[in-house]
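**Q** Here the protein sequences line up with chains A and B, keeping their order.
Heads up: the first sequence begins at 7 in the numbering used here, then just goes up one per residue.
Heads up: the second sequence begins at 67 in the numbering used here, then just goes up one per residue.
Since the hints were made in silico from the structure, they are not lab data.
This one's a predicted model, so the numbers in the text were calculated from it and none came from an experiment.
Every residue gets a Cβ at the ideal spot worked out from N, C-alpha and C, and that includes glycine.
Misleading hints may appear alongside valid ones.
Pair by pair, the computed Cβ-Cβ distance ranges are [unchecked claim]:
| # | chain 1 | residue 1 | chain 2 | residue 2 | range |
| --- | --- | --- | --- | --- | --- |
| 1 | B | 124 | A | 239 | 21 to 29 Å |
| 2 | B | 115 | A | 133 | 45 to 53 Å |
| 3 | B | 86 | A | 42 | 50 to 58 Å |
| 4 | A | 51 | B | 106 | 48 to 56 Å |
| 5 | B | 86 | A | 226 | 42 to 50 Å |
| 6 | A | 232 | B | 219 | 41 to 49 Å |
| 7 | B | 144 | A | 179 | 24 to 32 Å |
| 8 | B | 349 | A | 22 | 53 to 61 Å |
| 9 | A | 175 | B | 127 | 29 to 37 Å |
| 10 | A | 294 | B | 219 | 26 to 34 Å |
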Amino acid sequence: MIRYLTGRFLQIVPVLFGVSVIVFALVHLIPGDPAVSMLGSRATPELVARIHRQFSLDLPIWAQYGNWVANALQGNFGISFFYQADVWSITLPRVPLTLLLIAFSTVLALAIAIPFATIAAFRRGGLVDQGVRLLFTATLGMPSFWLAIIFSLVLGVRLKLFPIAGAGSGGLDTIGHLTLPALTIALSIAPILVRALRSSLIEVMQSDFVTTGRAAGLRSRTVIVSYVLRNSMLPLVTVLSVNVGWLIGGTVIVEQIFGLPGVGSLLIGSISSRDYAIIQLVTLVLALIVIVVNLLTDLAYVALDPRVSLTGR
Amino acid sequence: MTASVSAPALPARMLRSAWRFAAAPGWTRRIGLIGLAVIVLAAVCAPFLTPYDPTALSTGTGLRGPSAAHLFGTDQLGRDVFARVLYGARIDLQIGFIGVAIPLVAGVVIGLIAGYYGGVLDAVIGRVIDVVVAFPFLVLVIAIVAMLGPGLVNFYIAVSIVSWVAYARIVRGETLLAKNREYVLSARALGYRDARIMFRHILPNVVAPAFVFGMSDFILDILAGASLGFFGLGVPQPTPEWGVMIAEGRNFILTAPWVVVFPGFAIIVVGFFASLLGDALADQVRHIDAR
């Protein structure tokens with residue numbers, strides 16, 4: 007167990023190194039001089055020199071990377087010329103809202119996927135099963151930005167069910183404001199969850215312990231809830247963890263459309279203002295979220311299923 | 067699949083498999099194939115299907131609802147929405163095809179080499195894959211395009227940098243299994259060069275799962291490309307592209323929802339058919355494996 011955990015933590019080190027290299031390298035994709043491209047018409051020799059210093063552009067590349075990492079470890083990711091402030095202090099306060107949106111979307115996605123997948127699995131091959139399949143095949147290709155607009159038009163403006171802009175004033179109000187954005191993201195990931203859960207339900211239903219439970223005369227609800235559903239949830243956790251990057255991509259789009267002040271809208275907004283340091287930091291933060299979620303999933307697995315650490319995955 | 071040392075050339079084999087796949091029964095593959103074929107055909111034959119120029123402005127006829135003259139209505143500049151959706155298919159389908167083709171070829175070759183040679187090379191490639199998959203796909207694509215500048219070519223560059231890892235990971239795993247099978251061992255015993263063993267013997271047996279993933283990646287790329295278009299990072303105006311059209315129509319959603327609704331339907335319909343076809347392909351590959 008201890009050995010498994012240590013190993014799992016050590017696996018992260020090279021990934022973190024690689025992630026930092028890619029985020030650092032982003033600035034070098036900018037054609038021409040990043041300083042000039044960043045400043046545009048405001049470019050003066052002094053400002054250009056200042057940006058060269060900020061990104062250490064005059065040093066050899068390995069020294070640039072070294073400086074960047076050393077600064078990053080102290081929370082120093084540079085200054086935004088657009089906001090006239092420290093990039094870290096702009097980005098950090100926006101992280102909680104994005105995390106809340108990801109969590110809320112996950113809950114809604116499960117609330118949609120579990121009943122549909124269960125019905126489909128129990129009516130396997132029937133009309134309902136086919137219907138569920140077609141429905142979620144259609145939602146698979148639904149662009150989040152389009153769905154967000156349609157939702158705000160129909161559920162927000164016409165039916166006035168939910169607010170469609172901003173993050174609200176905390177508590178229930180914020181949940182209300184996040185409902186449509188979260189629903190948009192949830193619908194984009196639901197097809198993947200429905201599919202995974204349906205097949206794992208079918209597999210579990212055919213296993214011996216379910217047959218035994220049935221033969222022992224247990225009520226069918228007991229068999230379904232505490233035998234079948236419970237044992238089908240673990241694969242679902244993996245699917246969610248693998249697709250957390252997809253969820254995050256959804257939040258980036260949806261935050262922008264619903265005017266939510268999270269890191270996703272910060273990323274999109276920083277593109278037109280050429281705030282490269284912010285784009286770097288947001289990319290880093292979102293990659294770190296993926297890494298942490300995957301780590302937590304693995305740990306949850308060890309806690310839920312003792313076989314995992316014994317078989318030495 | 068029988069293993070023969072004198073395997074026919076890959077293109078011929080692929081054509082034959084493609085035909086076998088298309089001719090096989092099954093309603094999902096039929097609907098998927100026919101649906102996608104109709105859309106591709108409509109995109110190619112766009113000038114014969116609509117009398118309107120997708121970029122022609124006409125004053126005084128803006129934001130008209132769907133009618134016999136304008137099937138999907140007109141947008142704020144009086145352009146025919148049906149014509150724009152039709153011509154838009156050319157761009158968005160291209161985004162899907164190129165967005166899959168480059169990463170697929172690169173990923174398959176890299177995965178094949180990593181799996182076949184193993185050792186340090188494989189370890190390095192494996193670590194690079196671990197790193198790239200740690201980034202959310204769309205976020206890294208957006209970040210790269212933000213640096214390179216907007217445009218379709220830069221989008222393809224970004225997708226190529228990010229997506230190859232998925233294909234490499236799949237093919238690497240398959241190659242690890244395949245390289246100890248008898249047909250590879252016998253090809254080795256005959257003294258064939260590594261390149262020949264890899265591309266002539268192993269490749270045809272490991273590439274199918276990559277194509278299966280390619281079908282869902284096709285949808286993913288169209289969604290990503292349209293999203294970038296929506297945020298002004300894709301094709302420049304006035305080129306008709308579905309994401310750009312939705313972005314332009316957004317300001318008139320209350321009075322003229324058709325400008326936004328129809329390009330969205332177009333993306334959903336393409337995704338639907340591609341997904342049916344992908345399912346059928348996945349089933350086929352599973353059957354081959356079971357044999």
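**Q** Indicate, hint by hint, whether the structure satisfies it.
**A** Each hint tested on the structure:
Checked against the given bound of 21 to 29 Å, the beta carbons of residue 124/B and residue 239/A, roughly 57 Å apart, lie outside it. Separation of residue 115/B from residue 133/A is about 35 Å and departs from the stated range, judged on CB atoms against 45 to 53 Å. Between residue 86/B and residue 42/A the beta carbons are some 56 Å apart, a value that agrees with the proposed interval 50 to 58 Å. Checked against the given bound of 48 to 56 Å, the beta carbons of residue 51/A and residue 106/B, roughly 54 Å apart, stay inside it.
As the Cβ distance of residue 86/B to residue 226/A is approximately 43 Å, the hint placing it in 42 to 50 Å holds. Separated by about 56 Å at the C-beta atoms, residue 232/A and residue 219/B break the suggested range of 41 to 49 Å. A hinted range of 24 to 32 Å is violated for the C-beta pair residue 144/B and residue 179/A, which are about 42 Å apart. The hint said 53 to 61 Å for the Cβ distance between residue 349/B and residue 22/A, and at roughly 39 Å that hint is violated.
Range check, residue 175/A to residue 127/B: Cβ separation about 45 Å, and the 29 to 37 Å hint is violated. The beta-carbon spacing between residue 294/A and residue 219/B, approximately 30 Å, falls within the hinted interval of 26 to 34 Å.
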